[in-house]
Amino acid sequence: MNLLEVRALSVAIGAARPVDGVAFDLAPGETFALLGESGCGKSLTALALMRLLPAAARIAGGSVRFAGEELCVLPEARMRDVRGGRIGMIFQEPGTSLNPVMTIGAQIGEALRVHGGSAGRERVVELLAAVGIPDAARRAGEYPFQLSGGMKQRAMIAMALAGEPELLIADEPTTALDVTIQAQVLDLLRDLQRQRGMALLLITHDLGIVARMADRIGVMYAGQLVEVAPRAAFFAAPMHPYSRRLFAALPDAAARGQRLVTIPGSVPPLGTQFPGCRFVARCGDAMPVCRREPPPWRTPADGHAVRCHLEAAPAAALSAPGAAPEEKLGAGTAAQLEVRGLQVYFPIRRGVLRRTVGHVRAVDGVDLRLAAGRTLALVGESGCGKTTVGKAILGLLPPTGGGVAFAGAPQRGLAPARMQMVFQDPFNSLNPRLRVGAIVAEGNPAADVAALLEQVGLSADMAGRYPHEFSGGQRQRIAIARALAVRPPLLICDEPTSALDVSVQAQILNLLTDLQARLGLAYLFITHNIAVVDYLAHEVAVMYLGRIVERGTVAEVLRDPRHPYTQALLAAVPRLDGRRERVQVAGDPPSPADPPPGCHFHPRCPRAQARCRTAYPESVAFSATHAVSCFFAA
Amino acid sequence: MMFKPVLLWSDALFFLLLAAALGGVAWAARVEHLRVAWRRVGQSRTGMAAATLLLAFVAVGLLDSLHYRERLPGEKEAYAVEVRSALDALLSGLRTRTEKTYSAPLATHSFAKETLDAEGGGRDFPRLKYGGAHLGDDLAGQGADLLVRTVQGLGIGMVAWLALWLASAPLRRAAPGLAWNAALVTLLALCLVAGPVAALAQGYHVLGTDKVGQDVLYLTLKSIRTGLLIGTLTTLIMLPAAVFLGLLAGYAGGWLDDVIQYVYTTLNSIPGVLLIAAAVLMMQVMIDTHPDWFATSAERADARLLALCAILGITSWTGLCRLLRGETLKLRELEYVQAARALGVSDLRILSRHILPNVMHIVMIAIVMDFSGLVLAEAVLSYVGIGVDPNTISFGTMINTARMELAREPMVWWSLAAAFVFMFALVLAANLFADVVRDAFDPRAAR
Amino acid sequence: MLAYLIRRLFYALPILIGVNVITFALFFVVNTPDDMARMQLGVKHVTPEAIVKWKAERGYDRPLFWNDAAPGAGRLTQTIFFTKSVKMFALDFGRADDGRDIAREIGLRMGPSLAVAVPVFALGLFAAISFALLLVYFRATYLDFAGVVLCVAMMSISGLFYIIGGQWLVSKVWHLVPISGYAEGLTAAKFIILPVIVSVLAGIGSSARWYRTIFLEETTRDYVRTARAKGLSERLVLFRHVLRNALIPILTGAVVVIPTLFMGSLLIEAFFGIPGLGSYTIDAINAQDFAVVRAMVFIGSALYIVGLLLTDISYTLVDPRIRLQ
Ligand code: SF4
Ligand code: SF4
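Protein chains in written order, with the numbering used here: chain B, 3 to 636; chain L, 982 to 1428; chain F, 19 to 343.
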């Protein structure tokens, strides 16, 4: 018998239906992944199951049967026994999802008490230990702000386990975490699920996580499920045109030198009326019937269901029209940008007189070299200082030591005509009070706004509109146009796609490669996304705690990583084939205010020896381009 | 010329403010996000009703700000020392029909017994000189007279409302979708109250008379201008400093930030009432020791009013300044400001293009939120004796003179009641309007 | 943390000096002592001799900053600035214009002020928080709506009317308590009860509405959703999670006024004839007794600065994020 049976579940916000007729089953002990891009309704679905919808939303119809019991009509008092008892839930932001003024132990004890368990301290410590929190007894008395992000998510999981749930709903549980921490938490979830025989409903946007965790997958689009399939079948041959394009839009090494497949346009806004298929406006396979009639469910194979008018998926793999432009204008080998020993320290002030008692060494001696027309990726986890490097090179932050040379000449302060930056958050990077035309012409009032907009794939008549009328991807295009207006030879891109959905990310990546080919731009690409690096970069520098630990060409660093940290980083990235490598690092990165002595990585390094604790390793060259800072790089 | 126009300083500032408001409306109509926000205000029924009421108050205040001096009869060109306003001219009946002392609303007889030295002698309530004088000896007909006048007044009010309704049609067509019904209903209610009051006021003291026999209705209407001026001019005076210093402290940081923070923490740490008291006392000394500065007593009272606004402004800019500093600190780190810096945009341009427009909603909200508090503060300060000039008619001075008489038996309640009703209406409308404006301009509400 | 507090203390000193300078400028530079004397003695018929005498009696005959006539350090100390302003740091406020010692007077009048102000503070805070919690518990219902309307209406009424209305209704119509006055000891209760109720009522509208927004904002936080997902009842969520977090800004915000409670309330004390510091100030204002007003400004600011310090301390006590850092 199924543990959870969802039928025709709909959620209404006013007249809009952000979740519209979702149906799926979940067997005991099974992992079902709801996959979709932002705004597809997957999180609302999860909240609706728990009847925890925000005030504006309500369940408009359908049924949710959990272990034979209808949850939608359960009195609120009985529903409370289900919440946190038979169904546990964890959320995306561990940082804000815990009560900041209660200790971890008290919050877990509370969950134990509501569900009639013994709320004794031993039980709390036991739970914390079960989710892999070291020194659990002490941690139980600490407040959330004293724990790292990964620890907080573990504490959340412990809290969800307090009621011995049969089903755990995990809503983007690792999206806010770094990739090495993400791997730890995913493994933990997996292990707990095995031990306890829990079913897991995993809400995610990440195909890699799905491949690693799920038994079955449901793909959501615009409030509806469009494809449900077992993992193997889904990854072998996704059927729905949307699913197929999601795969094709993923950047990776195989797609190098080609344009990525994109899904044109963006997700339809909430409240859109759909006479036919919801995907029709963006579907390359659309037929006339698609506009008129909602597509029926088809089951081409056992357990594999697709909601599409297409009889059978086209055999040919998707490929983008046209390969990426080949010729690299002016790509040279002479260094255009040269960074030597760059240091950025932030003082820590303490005491009565606010004396500087130490420094946060955000950037601590970074060397970089970037040739014209090439792309250098600066890779690292959050807090490693990579964004600070970008801002210091640009001149937005004064360096504490070291320097930057551009085309051979040393550069101090801002140099608008030489380099520009594209920022991560498309929603904060455009002034909401200015029209697009004014934004683009900001740095160069004489700029040809229309031409610039067309260059980044927007139409010239958009110049008169305000930023809020644009989607995230379009805003990022506007930000690129603004930077290009002053014709800089170098662009510093700070995670330009990490706030975007996969399909939109592909559009921006295509645009960036086009621009490089056409204008001969050099990119310093700051990112944590290895797949993007693999697709786009020529060289890579891996950063850990303010220093570069490994550098080289993409092939050298990504195919043949020598530094233990690089190896762990690459192993932690969830892979589409679901294969998992167990080379993992434990623990969290230390604080740059107080870096460990010797090699910064030694507390987490599987290969660390006595020597690593006392001295920082010199950089060892493996080839003309490949250098590693490790005593035992093999 | 029959009269000589007089422009008091406060009038000038008030007109300036109105002009700025009109200019602001024109500007808002062109800038999208402002248009959207004001539209949200207009779509709110509470907002429209409150705005209508406020506009009625502003109209009274405006009439009361058109000052002039009457020409004295005679060959030579000479003007009266008394400065009057258009409102005084309109209400000249009310102003001139003063009784001897207290009389209850709609009364025909005085409130206090007097020795009647006419034939018969003895002590009795004397007839009022004006209240109900037209009745002659037919006192029994008062009820019927009141009824007739009320009905007439209702009719007039209705007609006035219909006229306004027709007159506003183009406006409503120009901006459909706003909560015009709420505005019209408020207007109807206003007309239906004002009509009978106006009709009755021809023959009676609708709200009674005060100690020296002045018509209370006249006094309350005159108080409106004072309240409006204090509520708006204070903000106007403090605004430039608050905005300039707040942005400067937040954007420049460093020692400038320290100095500005020090200044406002210091000012803020002096209890407001005491600072105002001290400043007002000093100002009083200054005004009293320089009687030669002012040509008329109206000018002196006006100077004192302005000085009060300035003092209130000095004590109240710190809150807004701190708010703006905090917001600027946040905005300074936002990506679009960073991007502008990377593009080599100058600091001044960043402040004016990127920061100022994005804190304007805070300024806007502060203006409307402060208004009601200031109107209330005026009453308390004047009551304590550190408010407006005792000769300036204001809610505070009205309450101050009226509360002495609470101990009387029977009570003289009408002055207080009148001040209460008018003040409550003004402050409530302002509070409701402020709420709507805040909700409409708060960027969090926009989503 | 101790270092932090010491630093705050050091920061308070320049502020107090600033206040001192501002008051000095206000009282002695904007108008000269001659102006004040003329004012006090009646503008019209003052003789220069009377002015000189008035100034000498009150010590206003010295130079402002620098006394050339005095010997040694007296050049600095025998000045108005030193005797009238600097000495305030030593809590030496001198004499009022009527000759009484200000410090003594303040000591006598603190008691009655506190007797009214403390209950007003405690009851007001309690009533406003309870009312706000009630509204939040019934949020998005008609009760909530009616409550907010009531709050807005109540805050649109001038404090003067609360007092006048209260006195009229309770004392004149119902004859429950005396209309004004004060007595020492337990009998004070019957004089205090009405002013306390009136002040609480006058303040509850705006504070309850303000607290309600704080509570409401807190209910939208992620951890509240977590608490619900745990299976907690709405009551527990509100009282254990929301209340505890919202009380941090509310209580620490209230702490700042605690020291200034000593100052009493001008209006309440004046209306109800309570012989506290509030009515002392009012009397001084009406009598244009500058020495007293100056002293009160200084004390008020000093107490406010103490309040700021207490706020910092209370933050470190209630908020673990600050306590443990
Ligand atoms: S139904 Fe038509 S439009 Fe929709 S996904 Fe299938 S082919 Fe595309
Ligand atoms: S130097 Fe030692 S600790 Fe550092 S990465 Fe190499 S092996 Fe690990």
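What the hints contain is simulated information worked out from the structure, not anything from laboratory work.
You may find that some hints are simply not true.
Cβ pair distances, simulated, as ranges [claimed, not checked]:
1) F:TYR160 - L:PRO1221: 26 to 34 Å
2) B:ARG357 - F:ALA88: 38 to 46 Å
3) B:ALA462 - F:TYR160: 51 to 59 Å
Here are the simulated DSSO-like cross-link-like pairs (lysine-lysine), alpha carbons at most 27 Å apart as the crow flies [stated by the list, open to error]:
4) L:LYS1192 - F:LYS73
5) B:LYS393 - L:LYS1311
6) F:LYS73 - L:LYS1094
Nothing here was measured: the structure is a model prediction, and the numbers come from that model.
Cβ atoms here follow ideal geometry from the backbone N, Cα and C, with glycine treated the same way.
In this structure, is the beta-carbon distance linking ARG357 (chain B) and ALA88 (chain F) contained in 38 to 46 Å? For ALA88 (chain F) against ARG357 (chain B), whose Cβ atoms are near 42 Å apart, the range 38 to 46 Å holds.
Proposed proximity, LYS1094 (chain L) with LYS73 (chain F) (alpha carbon, max 27 Å): Outside the cut-off at roughly 50 Å; violated.
Holds or violated: LYS393 (chain B) and LYS1311 (chain L), Cα atoms, limit 27 Å. Between LYS393 (chain B) and LYS1311 (chain L) the Cα gap is close to 18 Å, so the pair holds against 27 Å.
Outcome of range test on Cβ distance (ALA462 (chain B), TYR160 (chain F); 51 to 59 Å): holds, 53 Å
Within a Cα-Cα threshold of 27 Å, do LYS1192 (chain L) and LYS73 (chain F) meet the stated pairing? Distance of about 40 Å is beyond 27 Å: violated.
So does TYR160 (chain F) sit 26 to 34 Å from PRO1221 (chain L), Cβ to Cβ? violated, 44 Å
Against the hints set out earlier in the document, violations occur for numbers 1, 4 and 6.
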